[in-house]
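> Read off the chains here:
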Amino acid sequence: MPKCLSARLPWFEEMTPEEILGQLKQKIGDAITQSEVKGIEVRLTVKPEQSWEVCRLVRDIGFEYLNCISGADWMTHLEVVYDLSSLQHLNKVHLRVPVDRDNSVVRTVTDIWRGANWHERECYDLFGVRFDGHPDLRRILLPEDWVGYPLRKDYTDERLVPYTEYGMEEKLAKAEGEKAAPKDAKSLQPPAPAKPATA
Amino acid sequence: MDRPIPIGTTVVMERTGETMEEMYVNMGPQHPSTHGVLRLMLKLDGEYIIDCIPYIGYLHRCHEKIGENRNYTQIIPYTDRLDYLASMSMNFGYVLAVERLMGQKIPERAEYMRVILAELQRIASHLIWLGTFGLDLGNFTIFMYCFREREMILDLFESVTGQRLNYSFYRIGGMPMDFPETFLTDCQVFLTWFKPRLPEYDAIMTDNILFQKRVQGVGISPPQVAVDYGLSGPMLRACGIKWDLRRNDPYSIYDRFEFDIPVFDTCDVWARYMVRRKEMEESVKIVEQALAQLPPGEVMAKMPKTIKPPAGQIYSRAESPRGEIGFYIISDGSPKPYRYKVRSPAYVNLSALPEMLKGCLVADCVAVLGSVDIVLGEVDR
Chain A
5 MPKCLSARLP WFEEMTPEEI LGQLKQKIGD AITQSEVKGI EVRLTVKPEQ
55 SWEVCRLVRD IGFEYLNCIS GADWMTHLEV VYDLSSLQHL NKVHLRVPVD
105 RDNSVVRTVT DIWRGANWHE RECYDLFGVR FDGHPDLRRI LLPEDWVGYP
155 LRKDYTDERL VPYTEYGMEE KLAKAEGEKA APKDAKSLQP PAPAKPATA
Chain B
3 MDRPIPIGTT VVMERTGETM EEMYVNMGPQ HPSTHGVLRL MLKLDGEYII
53 DCIPYIGYLH RCHEKIGENR NYTQIIPYTD RLDYLASMSM NFGYVLAVER
103 LMGQKIPERA EYMRVILAEL QRIASHLIWL GTFGLDLGNF TIFMYCFRER
153 EMILDLFESV TGQRLNYSFY RIGGMPMDFP ETFLTDCQVF LTWFKPRLPE
203 YDAIMTDNIL FQKRVQGVGI SPPQVAVDYG LSGPMLRACG IKWDLRRNDP
253 YSIYDRFEFD IPVFDTCDVW ARYMVRRKEM EESVKIVEQA LAQLPPGEVM
303 AKMPKTIKPP AGQIYSRAES PRGEIGFYII SDGSPKPYRY KVRSPAYVNL
353 SALPEMLKGC LVADCVAVLG SVDIVLGEVD R
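Chains as they are written, first to last, in the numbering used here: chain A, 5 to 203; chain B, 3 to 383.
Take every hint as true, because none was put in to throw you off.
Covered stretches of chain B (chain A as the covering partner; in silico rule of three or more C-beta atoms under 8 angstroms from a C-beta of chain A):
#1 48 to 62
#2 65 to 73
#3 328 to 334
#4 338 to 350
Please keep in mind that the hints were generated in silico from the structure rather than gathered at the bench. The beta carbon of each residue, even a glycine, is placed where N, CA and C say it ideally should be.
Using the sequences plus the hints, can you model the full thing?
Okay, here's the thing in structure tokens:
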């Protein structure tokens, strides 16, 4: 039974982020490669092999509420990001698990928080991270026959309007008028779409 | 109310003494009570729902991918389309995230304007919910009542922003312009009109024995399940958990107002109805206090032309009418976000729907789904 259901008021056993980090390091210090306290938030980077154990431990020391699981593509590697909080206190835990780009596998946390189910499916859908042990790992937002993982940085689609900086179009048009060379006009074309990344 | 038959096929088979085949029934994607395009695959045993598999994504618009290709200001109109019934709250959540990332303070008057508009939006959103929920259950009158009042709020918003649905009125660093001169009196007039209407809703819904019988004891999500799934907003407060980000993790200037957080602990559709019904009263209180305290002054802080937050990342959350709207932004110091992710409340709340539907009658499915208060624009992003 979650602690928040007891009759005690919120904020009853507020720990400082430093204390939380100390506890985590004491119990499972070898899984944590990087740690930082920023305000009320504990930020951790965790080895992918032990991410499940760390999540379990973080849940047990009082972070029973899973805010979201998101992914990030850092070109060299992918990252699965867990944002955890509590209904008891304001402290937060921000867990980052770097995973390999080509063989991205993390153990699922659906057995810790059932709400992780859809978050992980979304992360699989858009980033291609496979969650080992997930009960129903299918695409969720995109059609089932979609090719590629759209939120990876190397994914391109000709239908996506590229970003232009404020005032850039005018500048480019002006430069084009001055030079009036067909070579420059060619460079204004959006870059040809690369082949989408395949699974 | 106890269900006559516990969940599970074996029990039913024993009762009838014969092998029964389960049946799959599709509800949606074009169903009037799915509030958009949502497909539910219901696994039925006679009249009882054994399992439910939601299929979403029909409205997927690549919100996050587009966000990575726009600068911080250009994203604001896209956030309107997330939850198109509560655009102000979506704007609020987003600009709050960017301002927190930048460490930007905004003028006092702008804070008050934000709160007033967001709370009016909460009333409007709950009115739509109440109206369509009544419609789902066959009560057409409440629908007309609610839309009459919502229309007045939309008129107020139109006088401020010029838009009626997708406002894009919040800016990073404040608000683009002040209230028009007539707004304050118009708002007072609306509140004076609106407050006596709430007992009318009670007469037609809350005190209605048919309505009570229809919603009590249906679609139960125990508190353990609610926390496990990460439900938020009225869904969580209907499980007896007093958790509201406006109070528990105060953002903007919500710590200056006095208001209650309605909590009901029956965990069913009735509790969700009562929480939203009471929240309208509390929003009225907040708007009244904010109008009384509204200070004069600037509404926009001095901002650079191109907004470039320092490199870093933030997960920022705010309370939308549907629950916790979170924005996870990674900035690399350039004018556009490196990664932009939306944690939408309806997406998470909907993921717990199969849990709530198990053991319900097919006829109750619409009531349970209606009580989740989904907006598919936000679920599918």
